[in-house]
Amino acid sequence: MIDSIRGRSLLSLDDLSRAAIVEVLDTAESFVEVNRRTIKKVPALKGRVVASLFFEESTRTRLSFETAAKRLSADVLSLAVASSSVKKGESLRDTIATIDALGIDAVVLRHRSSGAALQVSRYVPHVRVINGGDGQHQHPTQGLLDAFTIRQVLSERHDTTGLESGAELFTGLKVLIVGDIRHSRVARSDVAAYAALGAEVRLCAPGTLLPDDVATWPVTVVRDFDEALGWADVVGLLRLQSERGSGAFVASLDEFTFTHGLTVERARLLQPGALIMHPGPMNRGVEVDSRVVDSPKAIVERQVANGVPIRMAVLYLSVAGSGEGSPL
Amino acid sequence: MSHEDERQARTRDAAFTAKSQLMSADDVRRALTRMAHEIVERNHDLSTLSIIGLQTGGRDVASTLASILSDVAGSSITAGVLDVSFYRDDLSRNPIPTSSATHIDHDLTDRTVVLVDDVLYTGRTIRAALNALSDWGRPSAVQLAVLVDRGHRELPIRPDYVGKNLPTSLDEAIVATIEGVWIGSRESS
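So the protein lines, in turn, are chains A and B. Residue numbering for the first sequence follows this note's numbering, starting at 1 and increasing by one per position. Residue numbering for the second sequence follows this note's numbering, starting at 1001 and increasing by one per position.
Hints may be right or wrong, so weigh each one.
Claimed, not checked - Here are the simulated EDC-like cross-link-like pairs (lysine to aspartate or glutamate), alpha carbons at most 20 Å apart as the crow flies:
#, chain 1, residue 1, chain 2, residue 2
1, A, K41, B, D1105
2, B, K1019, B, E1154
3, A, K297, A, D159
4, A, K88, A, E57
5, A, K41, B, D1135
6, B, K1164, B, D1060
7, A, K40, B, D1135
8, A, K41, B, E1172
9, B, K1019, B, E1172
10, A, K297, A, E156
11, A, K40, B, D1105
12, A, K174, A, D94
13, A, K41, A, E66
14, A, K41, B, D1171
15, A, K174, A, E200
16, A, K46, B, D1090
17, A, K41, B, E1187
18, A, K70, A, E33
19, A, K174, A, E156
20, B, K1019, B, D1171
21, A, K297, A, E265
22, A, K87, A, E56
23, A, K70, B, D1089
24, A, K40, A, E66
25, A, K46, B, D1089
26, A, K46, B, D1135
27, A, K174, A, D233
28, A, K40, B, D1107
29, A, K174, A, E90
30, A, K70, B, D1135
31, A, K46, A, D75
Stated by the list, open to error - If the Cβ cut is set under 7 Å, some of the chain A residues that face chain B in the computed set are:
#, residue
32, E33
33, I39
34, A44
No wet-lab data here; the hints were simulated from the structure. For each residue, glycine too, the CB sits at the ideal point set by N, CA and C.
Can you make the complete structure from the sequences, with help from the hints?
Printed below as a string of structure tokens:
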């Protein structure tokens, strides 16, 4: 168990303790305030270089990581994979070696292969590696920002602040995750974060979309979606990952919507205070009805807004406490 | 104890052992009252004054100073708190500081800012605070009030208002709060 990510790479949430996760959430509170200022920039990572390597397409993760690094005053090297030597057949190892030769302090990596972030951290042990999503394995900053968003909304309801509440509001919190869990790195990171913070997690999906090793996860698998909706304080929806072949795991999109889509009728089964979350990108009309996701229960926009402060916190903790210092 | 108080206590006073008390709570109150009068004497227009406490040690000192100032001046004084963690020059040294909240809800342009901290030591916190302040505008003047000045400056910074000058040696530690001032030692853990 890792008790703090200070000066370390962030590859997975599986091995982070509750204290390590709460530290990131607490640090992100400071950055929420920085992001409200007229001048949204602090010099914490001045002189540091953060490379952003996205081997898989992304809108919000890439933009929010790069925004986060810039608001910490780091220099950002951004590799556009489509126009790079990767297209000429350069291996991941050689691409990393080339970028490392330029002198970098951290890499934010997204890759289609599970374990890519771990592999890169072995190639360049002196560089902090932040996993921005690796295959079906992990998407740690998404898990952290989902936990942060829940804490933010619930602490407002309890008339307290996230900092005051720590991990308290997660004790016994009922979280239901629905959809393509098999192919979802977000589900893996969310489950790790929620379980570490003390929440009770249930999964609901067609049998074909459950992971083979689900028995080893800290969760309960349920069959009855309607009943689970009435139980949940928080519902996390996931998209069908057609780029990872989930089309072959369901009879049709309509069939999936019929059995596991959050339709307007099903949304009526939710408790009055229940929260609906989605990591994006959404397929409206498939896993969730448009009217449901635009209702006040949905906190999808807050999830997106929290992407920058959470990624600032991760970069700050991971990179500021490592390596050579900048002079006065 | 709330989660926030707990984590601040953990980072601040985890390993402090007091040897002797140098000021009581009453002594601190008297010192802050004198400093408030000095601030009034030097700044004729209190409506443009902003009292900014530095997290975490300066926060309570600043709010007490601001309330005494309000009594002395007969009008309320604008106050705020500033966390300088992200502006420090020693971020590469472990452990990096635990950040706390900043609350400055007004533009500082053309205002007179009084920075308030518990203990003035190397001056590096104040250097970081001066950098941070520029993100809230351009104050017409910045002054510095500290409860204790313990010497050993590493930068050309001097306080305008001092509660007590305490010559110390480098291996001694000072804890200065509105409850009192103590000298002792801090074990490096």
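Checked hints:
1. Simply put, K41(A) and D1105(B) have alpha-carbon atoms about 17 Å apart, close enough for the 20 Å limit, and the pair holds.
2. Between K1019(B) and E1154(B), the direct Cα distance comes to roughly 26 Å. Violation of the 20 Å bound is thereby established for this hinted pair.
3. About 18 Å separates the Cα atoms of K297(A) and D159(A), which keeps this hinted pair within 20 Å; it holds.
4. Simply put, K88(A) and E57(A) have alpha-carbon atoms about 18 Å apart, close enough for the 20 Å limit, and the pair holds.
5. With a CA separation close to 8 Å, the supplied pair K41(A) and D1135(B) stays within the 20 Å bound.
6. A threshold of 20 Å between alpha carbons decides the hint, and for K1164(B) with D1060(B) the separation of about 17 Å falls inside it, so the pair holds.
7. Between K40(A) and D1135(B), the direct Cα distance comes to roughly 9 Å. Compliance with the 20 Å bound is thereby established for this hinted pair.
8. Note on K41(A) and E1172(B): the hinted pairing is violated, with a Cα-Cα distance of about 36 Å set against a maximum of 20 Å.
9. Distance restraint check for K1019(B) and E1172(B): the Cα-Cα separation of roughly 10 Å lies within the 20 Å cut-off, and the hinted pair is therefore satisfied.
10. Under the criterion of a C-alpha separation no larger than 20 Å, the hint pairing K297(A) with E156(A) is consistent with the structure, at around 14 Å.
11. Proposed proximity of K40(A) and D1105(B) is supported: the alpha carbons are some 14 Å apart, at most 20 Å.
12. At roughly 45 Å between alpha-carbon atoms, K174(A) and D94(A) are farther apart than 20 Å, so this suggested pair is violated.
13. This hinted pair checks out: K41(A) and E66(A) have alpha carbons roughly 13 Å apart, not beyond 20 Å.
14. The straight-line distance between the Cα atoms of K41(A) and D1171(B) is roughly 36 Å, outside the 20 Å bound, and the hint therefore fails.
15. Among the hinted pairs, K174(A) with E200(A) is consistent with the structure: their alpha-carbon atoms are about 5 Å apart, no more than 20 Å.
16. Taken as a hint, the K46(A) and D1090(B) pair is honoured in the structure, with Cα atoms around 12 Å apart against an allowance of 20 Å.
17. The suggested pairing of K41(A) with E1187(B) is violated, with an alpha-carbon distance near 35 Å, which exceeds 20 Å.
18. For the given pair, K70(A) sits about 16 Å from E33(A) by alpha-carbon distance, which is consistent with the 20 Å threshold.
19. For the hint pairing K174(A) with E156(A), the CA-to-CA distance comes to about 18 Å; that is within 20 Å, so the pair holds.
20. This hinted pair checks out: K1019(B) and D1171(B) have alpha carbons roughly 13 Å apart, not beyond 20 Å.
21. At roughly 15 Å between alpha-carbon atoms, K297(A) and E265(A) fall within 20 Å of each other, so this suggested pair holds.
22. Only pairs whose Cα atoms come within 20 Å are accepted, and K87(A) paired with E56(A) is accepted, the gap being roughly 13 Å.
23. With a CA separation close to 18 Å, the supplied pair K70(A) and D1089(B) stays within the 20 Å bound.
24. For the hint pairing K40(A) with E66(A), the CA-to-CA distance comes to about 14 Å; that is within 20 Å, so the pair holds.
25. At roughly 10 Å between alpha-carbon atoms, K46(A) and D1089(B) fall within 20 Å of each other, so this suggested pair holds.
26. Distance check on the hinted pair: K46(A) and D1135(B) sit about 16 Å apart at the alpha-carbon level, within 20 Å; holds.
27. Pair hint K174(A) plus D233(A) holds up; C-alpha atoms about 5 Å apart against a cutoff of 20 Å.
28. Between K40(A) and D1107(B) the CA atoms are separated by roughly 14 Å; this keeps the pair inside 20 Å, and the hint holds.
29. Between K174(A) and E90(A), the direct Cα distance comes to roughly 46 Å. Violation of the 20 Å bound is thereby established for this hinted pair.
30. Our distance criterion of 20 Å between C-alpha atoms is met by K70(A) and D1135(B), whose separation comes to about 16 Å.
31. For the given pair, K46(A) sits about 8 Å from D75(A) by alpha-carbon distance, which is consistent with the 20 Å threshold.
32. Satisfaction of the interface hint for E33(A) is found here, the shortest Cβ-Cβ separation to chain B being roughly 5 Å, below the 7 Å cut-off.
33. The restraint placing I39(A) at the interface with chain B holds, with a minimum CB-CB distance near 4 Å, inside the 7 Å limit.
34. Residue-level restraint check for A44(A) holds (minimum Cβ-Cβ distance to chain B is 4 Å; threshold 7 Å).
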